[in-house]
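Once you've looked at the hints, dock chain F against the given chain G.
This is what each chain is made of:
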Amino acid sequence: MTDTAPAAADTTSPTRTHRFTRSLKRYPIVQAAALVVVFLIGVLTLDGFGTGRSITNILITASFLGIAAAGQTLVALVGGIDMSIGAVISASAILTSYLYGGLGWPDVAVFSFVLVFALLLGAANGYIGQRFGANPLIVTLGSGFVAVGLAQVISGGGSDSVKAPEWLGMLSRPVSTTFGLPVPPIVVIWIALIVIVMVMLTSTPFGKRIYATGASANAARLALISVRWVWVLVFGLSSVLAAFAGILLAGFAGSGNTTLGDPYLFLGLAAVIVGGTTLDGRGDYLRTALAALLLVVVQTILVGFGFTNADRQIIFGLLLLVAVAGYIRQPRLRDLI
Amino acid sequence: MNPGGAPILLSCTEIAKSFGPTRALVEASLEVRGGEVHAILGENGSGKSTLVKIVAQMQRPDSGALVVTPRGRSLGPAHRTVATVFQEVLVVTGQSIVENVWLGADGVFGSPLPRRAKRRAAAEILHRLCGRELDLDAPVARLSLSDQQACCIARALVREPDLLVLDEATSALDLQTRDRFFDLLRELRADGMGTVFISHRMDELLGLSDRITVMKAGRTIATVDRLQATADTLVRLMTGGTRDERTADRKPPAIAGRPVLRADDLRLTRSSAPIDLALHAGEIVGVAGLEGHGQERLLLALWGEGAQSGSVTRLDGTKRVDRLRSPRQAARSGVAYVPRDRRKASIFAPLSIVENFAVTTLRADTRLGLISPKRRARRFRGFQERLAIRLGRQEDAITTLSGGNQQKAILARWLATEPEVLLLNDPTRGIDHGAKNDIYDLLRGLAAEGAAIAMLSSELEEHLTVMDRVIVMRENSVFAEFSGDSLTRENLVSAFFGVGEEVPA
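In order, the protein sequence lines correspond to chains G and F. Counted the way full-length UniProt numbering counts, the first sequence spans residues 1 to 337. Counted the way full-length UniProt numbering counts, the second sequence spans residues 1 to 505.
Only chain G is shown next, with the shape it has when bound in the complex:
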C-alpha cells in the first residue's frame, strides 16, 4: 500500500529539473557550453584569437587529437583501456615514411600494410585481454612496445631523412582547402569520422553490442553477444584509427619517430574522460570530439597567456581532476532520475 504510492509518483510527469538532468545525461551540454565559454574568453582576452587563421590552427590540432582519441572512446565503452595508441601512432608514422620514402612503395601499398599491421596488433590486444582475463592496461602497454620495436626493426633503426608522401602533408596544411571550402581536408576527414562513428554507435547492431558489453559483460554473454568478438573488433578498430592518425601525422611532420605519438595517448585519454565516457558503457564519440576541441582551445589560450610548458601541465592536470571529480558524482545523479 505505502510502497506503491511513491513509485507511481516517480513515473508520472517528470518535473522540469528531471527533464533537464536527463538531457544532461543524454547530450554533452556541459562540454558544449564549456567550449563556447572558453572560446569567448580567448576571443576577449587575446589579440588575434578569433581570426580565421587561429581557428584553422585550432581545428587542425583538434583533428589529430580527435582522430587519435576515437579508438580510445570505443575501448572505454566496452570497459577497457588502450595504452598502445601512442606507440601505434609512432610506429605507423615510422613505417609510412620508411616504406614510401625509403623503399619507394606506392601509397596504397604503404597504407594497406600499415593498417593491416595495426589491425592485427589491436585484434591481438582484444583477444588476449578477453580470452585470458588479462588486464588490458598491461596487455596494450606491452604490445605498444612491440609495435614501436617492430617498426624500428623493419625500418632499420629509423632515419629522419626518409619522407612521407608530399600530398599527405597537404591534408593538414593551414592554407589547404577542401573542394573550395577554406578548411584543410583533415578537418573534413575528422567531421566525417565523427558522423561515421556516431552512426555506428547509435544505429548499428555492432554499436548496441558495444554498449551492452560495456554495461555488463556477463549479461551480454547471457544475451548471446560474443563478448570476445566485440573486444577483438573494438581493440582492432582502436589500433586502426590510431594508425590512421599516425599516417596523417607522418604527412604533417614529414617523417616519423619513436615518440611522435606519445602526447596523443595521454591527451586522447583526457579527451575521453573530459567528454564523459565512462568505463561502464555510457558515453559516445561526439562527447570526446567536443572535449578534444575544448582541450586544444584551453591549450592555445594558455600558450597565448605565455605560460611555460610546466605551468600548462599543472593547470591541465588540475582541470582533469576537476572533471573526474564531477563525473564521480554522476552515478548518484543517475539514481535520482
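Hints listed in this document are in silico derivations from the structure and should not be mistaken for laboratory results. Owing to the predicted nature of the structure, the values given are computational and were not obtained by experimental measurement. Where a beta carbon is used, it is the ideal one built from N, C-alpha and C, also for glycine.
FRET-style restraints, in silico, Cβ to Cβ:
id, chain 1, residue 1, chain 2, residue 2, range
1, F, D203, G, R228, 45 to 51 Å
2, G, A192, F, V321, 46 to 52 Å
3, G, G306, F, P373, 48 to 54 Å
Computed from the model, here is a short list of chain G residues facing chain F with C-beta under 8 Å:
id, residue
4, P205
5, K208
6, A212
7, L222
8, G281
9, R282
Some chain G residues well away from chain F (every beta-carbon gap over 10 Å; in silico):
id, residue
10, L44
11, F49
12, F111
13, L119
14, I189
15, A192
16, M198
17, R228
18, I301
Same frame as chain G, but now just chain F:
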C-alpha cells in the same frame, strides 16, 4: 544428559532483521544449552541462514536481544565463545594445513600459543576427523575437498568454543569423515559444548540433535524435543500444518505433448548422480529444492552450458534432432534462458527499455546495416501489450521501470526469439503481486500454445499453483518428482530434506 539442568549458553529473544524491504527475520527466539545439539529447520527463505549469521555474530539484529553466556571455566589462550563453520570450504590455498587450522588466531606481533602446542592440537583433531595422519606442512590445496572442510572444522574446534555453529558444514564431507566428526561432536557435547546445527539432511538432523527449532517465514514457530519429533511432524510444522491448499480453480494438469527437450545421463558436477528427464510441449515444469542444490545448474545445463557429462537433445517434432553444446546453439534451436539476477545478468543499465528488449534480436530491425527504430518500436509494442508492460516511453532508461516491468521487458527480449522451450530462473523473485499474476497468465498462455516451460522457483506457493509437474533437486541431482495429487506442500518439503532417502552407500 539432562538439558533442562544445563546452563543456557545462548539466548535470542524476539530478534528481527530486515534487508531493505525484505524482512528476513520477523520474530525469532532461540535458546541453546550447554551439552546439546540444537538443530534449526526451515525451507527456503524461512530465515534460518539469517538467524545463524546473527548467532555467529556476523550480522547485527535490528531489534531483539542476543545474550551469550560463556561456560564458567578457565579459558585457554586461544579460546573463543562462538565458532562457526560454513557450507563453503574456506581455506587459504597458498598456505599449509597447520597454517589454515590456526588461521586468524595470531595477533599482529604475537601468538596465543607456542608453535609446538599449535601443531599438537591441529594434528590431534585432524587425526580424529580424517582417520589418518596428515602432513601438517603440506599445502592445503593438495587435500581433497572433504579433508579441506575437515581443516575448517578443526579451525573452529582448536579454539575450544563454548558454542559451535554448523551452517550446512557437513555437506562437503565424505561419509566416513562425517561419521567421525559426529562421534567427536557427541564427545564434545558430553563435555558441555553447545552446537547449533543446520543441515539439509533429515536423517542427520534426527540422528544427531537433541532439540529442533522449526522456522517459517522469519519466525521460530516451535522448538521440539528430538524424542517427540518425527520427520512427518517436522514437515507439518514447516509447512504450517495446513493440508493441501492448492487453489480449486487450478487448471487440470496439461496433457503432455510430444517431448521437445531431453536430457540423458546428465551430470551437473563430477560427483553427482546422473539425470534423465524430458520436457514436453505444453507443460510447465517446476524446479524446486533447498537453495544451492543444483537447480540453476540444471537449467544452465539444459541450455547447453556447464554440464560435466551426458547430453541434452532438442527434438523439434520434425525429424531434426540437435545435440545442444552451447547456449548459442540452444538459442538457435529455440531454447531460451532467462537468468535470475536482473541487475547483474539481464539488464543493460545504459540502454533504453526498447534497446534492452531488442538486444537478442538485433537483426530483425536491421535494414542495410542500420537499425530501424520504427520497426523496433512496432515489434516491441506487440509484446508491451501482451505482457502488460507499464512504461512511460520506450526510449526511457530501463532503470526507470519497476522490478516487475523490468522482468517483463526481459521476458519480451526472449519471447522475441520465438522459443519453443523456455528455461526461467526464478522469474518472479522480488516483484510485486500484480506483475507476478501477469507473468503466470503469460506462462499459461505460452504453454497452451505449445511451449515447454521449465521454471525454477524459490516459492513453494508457485510450485503448487502454477506448475503441472515439479521436480525436486537434491545434491545436484533429481531427487523426486510430483504431479497431480502427489503435488502437495508436505511432499515437496519432505523431499527438500530428503525424507525417505536411502543413506547412500
